[in-house]
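Line by line, the protein sequences give chains Z and C.
Per our numbering, the very first residue in the first sequence carries number 10; after that it's consecutive.
Per our numbering, the very first residue in the second sequence carries number 265; after that it's consecutive.
Hints in this document: simulated from the structure, not taken from any laboratory.
No residue lacks a Cβ here, since even glycine has one placed at the ideal position from N, Cα and C.
Heads up, a few of these hints could be off.
Stated by the list, open to error - Result set (DSBU-like, lysine-lysine): computed pairs, CA atoms no more than 35 Å apart in a straight line:
1. K63/Z to K119/Z
2. K119/Z to K438/C
3. K15/Z to K282/C
4. K27/Z to K66/Z
5. K253/Z to K490/C
6. K173/Z to K152/Z
Said to hold, decoys possible - Counterexamples of contact, computed for chain Z against chain C with all Cβ distances above 12 Å:
7. M10
8. G65
9. T94
10. V97
11. S125
12. R151
13. K253
14. F255
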Amino acid sequence: MSYKAKFKVWRGEGGEGKLEDFTVEVNEGEVVLDIIHRLQATQAPDLAVRWNCKAGKCGSCSMEINGKPRLGCMTRMSTFSEDETITVTPMRTFPVIKDLVTDVSYNYQKAREVQSFTPPSSVRPGEYRMKQVDVERSQEFRKCIECFMCNNVCHVIRDHEENKTNFSGPRFLMRIAELDMHPYDVADRQDAAQEEHGLGYCNITKCCTEVCPEHIKITDNALIPMKERVVDRRYDPLVWLGNKIFRRGDNGK
Amino acid sequence: MTQTTPDAPVRRQRAQVKVRTLRTDRWWLTPFLTFLGLSSFLVYGVWAIIDNSIFVDPYIAPFASPCLAEVTCPEGARLFGWAPIGDWYTLSPGLLILALPGGFRLTCYYYRKSYYRSFWLSPPACAVQEPHGKYTGERRFPLIMQNVHRYFFYAAILIGLILAWDAVLALVHKPLGLGTWILIVNAILINAYTLSCHSCRHITAGRLNHFSRHPLRYRAWTFVSKLNAKHQPLAWASMFSVMGADLYVRLVAKGIIAFPYA
Chain Z
10 MSYKAKFKVW RGEGGEGKLE DFTVEVNEGE VVLDIIHRLQ ATQAPDLAVR
60 WNCKAGKCGS CSMEINGKPR LGCMTRMSTF SEDETITVTP MRTFPVIKDL
110 VTDVSYNYQK AREVQSFTPP SSVRPGEYRM KQVDVERSQE FRKCIECFMC
160 NNVCHVIRDH EENKTNFSGP RFLMRIAELD MHPYDVADRQ DAAQEEHGLG
210 YCNITKCCTE VCPEHIKITD NALIPMKERV VDRRYDPLVW LGNKIFRRGD
260 NGK
Chain C
265 MTQTTPDAPV RRQRAQVKVR TLRTDRWWLT PFLTFLGLSS FLVYGVWAII
315 DNSIFVDPYI APFASPCLAE VTCPEGARLF GWAPIGDWYT LSPGLLILAL
365 PGGFRLTCYY YRKSYYRSFW LSPPACAVQE PHGKYTGERR FPLIMQNVHR
415 YFFYAAILIG LILAWDAVLA LVHKPLGLGT WILIVNAILI NAYTLSCHSC
465 RHITAGRLNH FSRHPLRYRA WTFVSKLNAK HQPLAWASMF SVMGADLYVR
515 LVAKGIIAFP YA
């Protein structure tokens, strides 16, 4: 069963642009990305959209559909009513290159600023031995497909461009948590999370968790545990005293 | 071909969408209901501090427990008959202790989310622009004080145990009383909410990197993690249960509710 759907799609380069109206055919089982492709094929051959796997695993087709950050390939048309006008815009936090394609290099810059996995110097590659329970928490974060919708929706940078310098966003704070929880990582990540990556900006309003297409519990399992670790390190006098008395070098972990 | 070098002018601007949000759902409903729910709790708390009908044997209103004052606590209401605050204190007994459970909820990670969204609109909902020109998060005073949450958690554990003790006393003295069972349900919900706290999860074993070296703590963490996944519903359920239980005891104490098994 097919019908004609009304679409408003952001068209323009470098931020300047406007929402253009389209009426386009929709068939059963299609997703929003299918409709964008149909627009390219039939009405707007120069419409720019970034996409790749069409299976929700590459994180390329992040866009905002009716104002919500979504993957175009995972948003079924059947979730909208036939008389609804569907608005499609690029991710709002990042600069626009063209139409729905944004420049996400902010994220790559922040990724480079996170110190890489740092094992103890006494352990050589091939000598790592760890149990599943010790790495299970970190493995949840490895599901991330880097769609950057969590960073896009985070109001710290979405509504305050000036915070981009000091805030790495939920994606990379989660990466820091992943490494900090790793049994073989010895780098000091707690001070870095607070001072260099802006963990203190996070007010745990959980939008990152709400939009994650991989359903990673970013706030509950990464950001809040990381905040608690920072409290251990910087704000809890009892933990500080315990570490001094019992001479626990790595917070007794 | 579109330029992608860092200096290319076409890359510098976000999409200039002139509206606060393009969301078409009722995004305002959740923060609005949260605002009403939390406001009702605040208003009730103020009334409970003013109201003196805190005890009717064997029930004590949860907002006034533990009752530590000599003058304003009837003898049966005192914890183990103990009144460490002498006869100089004549104000509401609730004033002495409400800062502890109140502080626990105020600094709770879930409540922070809910009041940042519904009271401070920072942000009111996901992908809805907040109205503030500047944002510094929890990095400065006063919001940096949210980091004391774990100390309020320690106090909340004590308060939870005392509420459970109050429920046990009511069960012993009036097992068929409706109030007894209201206090029991309230004590269960309050303690479940307290144990589901993120700080509790961190303290049990979340701070460890080698779960396998601490199997007992890991089991405790697994249990707390399951509760923690229900932290939001437990926060609301325990908030309404403590208000409901407190109001019930006060209405019985005032004689407004009066039936044989009240």
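Now the hints, each set against the structure:
{"no.": "1", "hint": "K63/Z to K119/Z", "verdict": "26 Å, holds"}
{"no.": "2", "hint": "K119/Z to K438/C", "verdict": "62 Å, violated"}
{"no.": "3", "hint": "K15/Z to K282/C", "verdict": "21 Å, holds"}
{"no.": "4", "hint": "K27/Z to K66/Z", "verdict": "30 Å, holds"}
{"no.": "5", "hint": "K253/Z to K490/C", "verdict": "33 Å, holds"}
{"no.": "6", "hint": "K173/Z to K152/Z", "verdict": "24 Å, holds"}
{"no.": "7", "hint": "M10", "verdict": "23 Å, holds"}
{"no.": "8", "hint": "G65", "verdict": "19 Å, holds"}
{"no.": "9", "hint": "T94", "verdict": "8 Å, violated"}
{"no.": "10", "hint": "V97", "verdict": "9 Å, violated"}
{"no.": "11", "hint": "S125", "verdict": "17 Å, holds"}
{"no.": "12", "hint": "R151", "verdict": "16 Å, holds"}
{"no.": "13", "hint": "K253", "verdict": "17 Å, holds"}
{"no.": "14", "hint": "F255", "verdict": "14 Å, holds"}
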